[in-house]
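**Q** One line per chain: the protein sequences are A and B, in this order.
Under the numbering used here, the letters of the first sequence match residues 4 to 301, in that order.
Under the numbering used here, the letters of the second sequence match residues 1114 to 1408, in that order.
Derived by calculation from the structure, the hints in this document are not laboratory data.
None of these values were measured; they are calculated from a predicted model.
Treat the hints with care, as some may be off.
Stated by the list, open to error - Far from chain B, some chain A residues (derived; all Cβ distances over 12 Å):
{"id": "1", "residue": "Phe13"}
{"id": "2", "residue": "Gln50"}
{"id": "3", "residue": "Phe51"}
{"id": "4", "residue": "Ala62"}
{"id": "5", "residue": "Leu81"}
{"id": "6", "residue": "Lys100"}
{"id": "7", "residue": "Ile109"}
{"id": "8", "residue": "Arg164"}
{"id": "9", "residue": "Ile170"}
{"id": "10", "residue": "Arg171"}
{"id": "11", "residue": "Ser174"}
{"id": "12", "residue": "Leu177"}
{"id": "13", "residue": "Gln188"}
{"id": "14", "residue": "Pro191"}
{"id": "15", "residue": "Leu194"}
{"id": "16", "residue": "Ile218"}
To be verified - Pairs of lysine to any residue residues, derived as SDA-like cross-links and limited to a Cα-Cα distance of at most 25 Å, are as follows:
{"id": "17", "chain 1": "A", "residue 1": "Lys99", "chain 2": "B", "residue 2": "Leu1135"}
{"id": "18", "chain 1": "B", "residue 1": "Lys1116", "chain 2": "A", "residue 2": "Lys8"}
{"id": "19", "chain 1": "A", "residue 1": "Lys264", "chain 2": "B", "residue 2": "Val1352"}
{"id": "20", "chain 1": "A", "residue 1": "Lys99", "chain 2": "B", "residue 2": "Glu1127"}
{"id": "21", "chain 1": "B", "residue 1": "Lys1177", "chain 2": "B", "residue 2": "Val1311"}
{"id": "22", "chain 1": "A", "residue 1": "Lys181", "chain 2": "A", "residue 2": "Ala62"}
{"id": "23", "chain 1": "A", "residue 1": "Lys8", "chain 2": "B", "residue 2": "Val1309"}
We put the CB at the ideal spot given by N, CA and C, even for glycine.
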Amino acid sequence: MNRNKLSKWFDSSFYIIGFASTLIGLAILAVLIIDILIDGAGRLGWQFFTSYPSRKPEAAGILSAWIGTVWIMVLTALLAVPLGIMAAIQLEEYSKKSWLTNLIEINIANLAGVPSIIYGLLGLGLFVRVMSLERSVISGAATLAILVLPIVILSTREAIRAIPFSIREASYALGATKWQTIRHQVLPAALPGIMTGIILAMSRAVGETAPLITIGALTYVAFLPASPITYEFPFISFQGLFDPFTVLPIQIFNWVSRPQKGFFADAAAGIIVLLIITFLMNAIAVWIRHKHSKKIRW
Amino acid sequence: MSKQIRRLKERLIEGALLLSALFSIFITAGIIAVLFFETFEFFKEVSIIEFLTDTQWTPLFAEKHFGILPLFAGTLLTTLIAVIVAIPIGLTSAIYLSEYASDRVRTAVKPALEILAAIPTVVYGYFALLLVTPALQMIFPDLSGFNALSPGIVMGIMIIPIISSLSEDAMHAVPMGLREGAYALGSTRLQVATRVVVPAAFSGIAASFILGISRAVGETMIVAIAAGQQPRLTMNPFVPVETVTAYIVQVSLGDTPTGTIEYRTIFAVGISLFVVTFGLNMISYWLRKRFREEY
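Turn these sequences into a full structure, and let the hints steer you where they fit.
**A** Pasting the structure below:
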């Protein structure tokens, strides 16, 4: 074979190697899902969602785990979303080029790359110890809110940046103030992009395990945080915020690290639930992005 | 009057927005303050020289040694295995997606690969412990149930999408004119990719590698589940090891009282982890910024 032919042969064989490399991740994903379905599908059932963890694998369930996850997710969103959107508006619409703006930008980029367990140490030192919130729901949610804040800020900024300047100019021309322009023109137009970012941030939070273990979320919880709705006046209670908790990924971790084989099926069943939540959130995010990109042509 | 109220309202809103943006700086300050405070207390009892040079890490035993080297060896080993898996596959896939694949394939495959990055790491831990380790034991019979090899490989799979996606972005940004010049000289696609596009996109590709490494260094659940909890100074991938992150999880799971030396160790190793990943992230940020300015 001469050099030219050899080069061509390399070229076409790379086509196959490249295609295989790209698919290998997806193939592994398929193996993982099939394996987990085989291991865990048998444990899924009404009883699995309505039982507390147990010493007997067949009787164990994820009641405390999924309720803990709902608590944590709602609170994390309440804390992180307003703060993240406000920071993004500041950086996109108000900040002038200065050393402070520069510092904030580098800082956010860096925070997005800090390992999640470091956020756990921050939560442990700050919320659990200094603020004496103990190993409570609110400590966990505050920790996760700080963890996802950079994601919310970065994606909101991107959504705001995509809004063409002419829309702002039209609003100013009609006499609107800067904040009115942002509030009534920019934010509504950027909403689909912002929603996508928020959902992706929350899908990250729902699977986080390490930071919550670090702040001391329990691994064996046979009770629920106090219900936020009460039967007596004033019908609402914040007591649950200060109760101990567990979440779905921690429950899975607990079952995986048990020596008894029976718990592996419980772990697999828990993973099925967690993966459905994660995939559903990602699918919704992709769907919003897709729908939006089709609808609007600036 | 109403104009003045409106102006006041705008001012208030602007103040609140500025505070929100500054909050991110408070977070970093908080992380550094918390880590420094406990680490400072830690080094009152343990000398920094022992911490950096002792070859044993046994703070939870009766005879205590505080050498971080075994934990870093565990982190280095698992990260190295992850990198050996992820870089060749990720880069090959990036070249394929950027230079060979049609637009339709690219738009279909990229979001699919991102699913890999969205899977919670505890799931990967299950995968490493209960599927990959037993499979590897069929090839290497002396592989122990907890080892560095299996979580390292699984971590590699996890960071493939980071490397392939970011490298692909960098290659995509290389101007078409460079490729056309090479094609005009009679190059094949592979030659264009390896001799023109990859060198031109090098800083972006390097940034993706470093980001992947940083992710592997900070990864916690996969190693906590599948690598074991035995800190040892070794580069043998077949035996149980413990990484920096897995140690923090191990202590957090126990009931370690506040203010004890055991409690402070997690902050001391945490700050070491923070410094390493911070350095890697800064290099990656700088490289990405540079490649953005180039074209």
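**Q** Beyond 12 Å from every chain B Cβ: check whether that's true for Gln188 (chain A).
**A** holds (15 Å)
**Q** For Ile218 (chain A), is the shortest CB-to-CB distance to chain B above 12 Å, so the non-interface label stands?
**A** Since the minimum Cβ distance to chain B is about 8 Å, Ile218 (chain A) lies within 12 Å and the statement is violated.
**Q** Does the no-contact call for Lys100 (chain A) survive, Cβ to all of chain B over 12 Å?
**A** holds (14 Å)
**Q** Take a quick look at Ala62 (chain A) and tell me if its Cβ sits farther than 12 Å from every Cβ on chain B, holds or violated.
**A** holds (21 Å)
**Q** Evaluate the condition: distance from the CB of Leu81 (chain A) to the nearest CB of chain B exceeds 12 Å.
**A** The assertion about Leu81 (chain A) holds, with a minimum of 15 Å to chain B.
**Q** Quick one: work out the minimum CB distance from Phe13 (chain A) to chain B and report holds if it exceeds 12 Å, violated otherwise.
**A** violated (5 Å)
**Q** Does Lys264 (chain A) pair with Val1352 (chain B) here, judged by a C-alpha cut-off of 25 Å?
**A** Status holds; Cα separation ~22 Å.
**Q** Beyond 12 Å on every Cβ pair: is that true for Phe51 (chain A) relative to chain B?
**A** Per Cβ check, Phe51 (chain A) is outside 12 Å of chain B; nearest 17 Å; holds.
**Q** Is the claim that Leu177 (chain A) lies outside the interface with chain B correct, judged by CB distances over 12 Å?
**A** The claim holds: Leu177 (chain A) sits with its nearest Cβ about 15 Å from chain B, beyond 12 Å.
**Q** Check the hint pairing Lys99 (chain A) with Leu1135 (chain B) against an upper bound of 25 Å on the C-alpha distance.
**A** holds (14 Å)
**Q** With 12 Å as the threshold, tell me whether Arg164 (chain A) passes as away from chain B on beta-carbon distances.
**A** holds (15 Å)
**Q** Test the statement that Pro191 (chain A) is away from the interface with chain B: the closest C-beta pair must be farther apart than 12 Å.
**A** Holds, because the least Cβ-Cβ distance between Pro191 (chain A) and chain B comes to about 17 Å, which exceeds 12 Å.
Checked against the numbered hints listed earlier, the structure breaks hints 1, 7, 16, 18, 21 and 22; every other hint is satisfied.
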